[in-house]
Amino acid sequence: DSGVTQTPKHLITATGQRVTLRCSPRSGDLSVYWYQQSLDQGLQFLIQYYNGEERAKGNILERFSAQQFPDLHSELNLSSLELGDSALYFCASSAAGGSANYGYTFGSGTRLTVV
Amino acid sequence: AQSVTQLGSHVSVSEGALVLLRCNYSSSVPPYLFWYVQYPNQGLQLLLKYTTGATLVKGINGFEAEFKKSETSFHLTKPSAHMSDAAEYFCAVRMDTGFQKLVFGTGTRLLVSP
Numbered sequence: 001d002s003g004v005t006q007t008p009k010h011l012i013t014a015t016g017q018r019v020t021l022r023c024s025p026r027s028g029d030l031s032v033y034w035y036q037q038s039l040d041q042g043l044q045f046l047i048q049y050y051n052g053e054e055r056a057k058g059n060i061l062e063r064f065s066a067q068q069f070p071d072l073h074s075e076l077n078l079s080s081l082e083l084g085d086s087a088l089y090f091c092a093s094s095a096a097g098g099s100a101n102y103g104y105t106f107g108s109g110t111r112l113t114v115v
Numbered sequence: 116a117q118s119v120t121q122l123g124s125h126v127s128v129s130e131g132a133l134v135l136l137r138c139n140y141s142s143s144v145p146p147y148l149f150w151y152v153q154y155p156n157q158g159l160q161l162l163l164k165y166t167t168g169a170t171l172v173k174g175i176n177g178f179e180a181e182f183k184k185s186e187t188s189f190h191l192t193k194p195s196a197h198m199s200d201a202a203e204y205f206c207a208v209r210m211d212t213g214f215q216k217l218v219f220g221t222g223t224r225l226l227v228s229p
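Taken in sequence, the protein lines are chains A and B. Here the numbering used here is used: position 98 in the first sequence is 98, and no number is missing along the way. Here the numbering used here is used: position 78 in the second sequence is 193, and no number is missing along the way.
If you're looking for bench data, these hints aren't it; they were derived computationally from the structure. Nothing here was measured: the structure is a model prediction, and the numbers come from that model. Wrong hints could be hidden among the right ones.
[What the hints assert, rightly or not] So, partial list: chain B residues that the calculated Cβ filter (under 10 angstroms) puts toward chain A: (1) Q157; (2) G158; (3) F178.
[What the hints assert, rightly or not] Pairwise CB distance ranges, derived in the manner of DEER restraints: (4) B:P229 x A:D71: 43 to 51 angstroms; (5) B:S118 x A:D1: 25 to 33 angstroms; (6) B:G177 x A:E82: 37 to 45 angstroms; (7) B:S228 x A:T15: 27 to 35 angstroms; (8) A:N77 x B:P194: 44 to 52 angstroms; (9) A:Q17 x B:K184: 47 to 55 angstroms; (10) B:S129 x A:L83: 35 to 43 angstroms; (11) B:P145 x A:T5: 27 to 35 angstroms.
Here a beta-carbon is modelled for each residue, glycine too, at the ideal position from N, C-alpha and C.
For reference, chain A alone in the conformation it holds in the complex:
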């Protein structure tokens, strides 16, 4: 157990629908990062939050949004889902202070299948 908790582990939904993925960071970590992993795109950085504030954006579609709550858990919202959104979505957290100097701790991911 890495200490980063992601729910649900698996999600199957239809095109056009909206889903919410949840992440609880490791105790004491203030930064949360979201990544998408697909066969054709590899590991793509989506967005980063630090202590409730958005810090960096990567290749995140406008249909996707995220937030980090006061208790530091984070949610990634995916709407108007398309078949191409099927992927593994990972959450990671980093040590207090937000620095990536010491690496990330990853959750086990949510596998999203859009049918």
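Put chain B on the given structure of chain A with help from the hints.
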């Protein structure tokens, strides 16, 4: 901007053979470098990291990597492969812009045959 290039999307070795996974980086500042491993249907797990100091870094499961500034490389090695080493391996570098997120390579799948 910082980036990493992993040479070879797939590497095949026999059990007991040397494992060498290549990673070259690009960075305008002293880099912080990482290797992660991903087993099937699992998240990424930190194998080892180079921040400052000794250039030969030892990690978990018998893996090690050497930071070579002159070659801008951070190759991952293991003297003797085990079947359990079969996984995908990712090299990453810390960005020095923004809020210092990590940038990952495209990954190398290690296949180990008996």
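Against the structure, the hints:
Here the hint on Q157 (chain B) is kept, as its CB sits about 6 angstroms from the closest CB of chain A, short of 10 angstroms. About 4 angstroms separates the beta-carbon of G158 (chain B) from the nearest beta-carbon of chain A, less than 10 angstroms, and the hint is met. Interface restraint check for F178 (chain B): the shortest CB-CB distance to chain A comes to about 14 angstroms, outside 10 angstroms, so the restraint is violated. Under the hint 43 to 51 angstroms, the C-beta atoms of P229 (chain B) and D71 (chain A), about 48 angstroms apart, fit the expected range.
A hinted range of 25 to 33 angstroms for the beta carbons of S118 (chain B) and D1 (chain A) is consistent with their spacing of about 32 angstroms. Restraint check, G177 (chain B) to E82 (chain A): a C-beta distance of roughly 42 angstroms satisfies the suggested window 37 to 45 angstroms. Between S228 (chain B) and T15 (chain A) the beta carbons are some 40 angstroms apart, a value that contradicts the proposed interval 27 to 35 angstroms. Against the hinted window of 44 to 52 angstroms, the Cβ-Cβ separation of N77 (chain A) and P194 (chain B) comes to about 46 angstroms, which satisfies the hint.
Between Q17 (chain A) and K184 (chain B) the Cβ separation comes to about 49 angstroms, which falls inside the hinted range of 47 to 55 angstroms. Distance hint for S129 (chain B) and L83 (chain A): a CB-CB separation of about 39 angstroms, consistent with the stated range 35 to 43 angstroms. About 34 angstroms separates the C-beta atoms of P145 (chain B) and T5 (chain A), a value consistent with the hinted range of 27 to 35 angstroms.
Checked against the numbered hints listed earlier, the structure breaks hints 3, 7; every other hint is satisfied.
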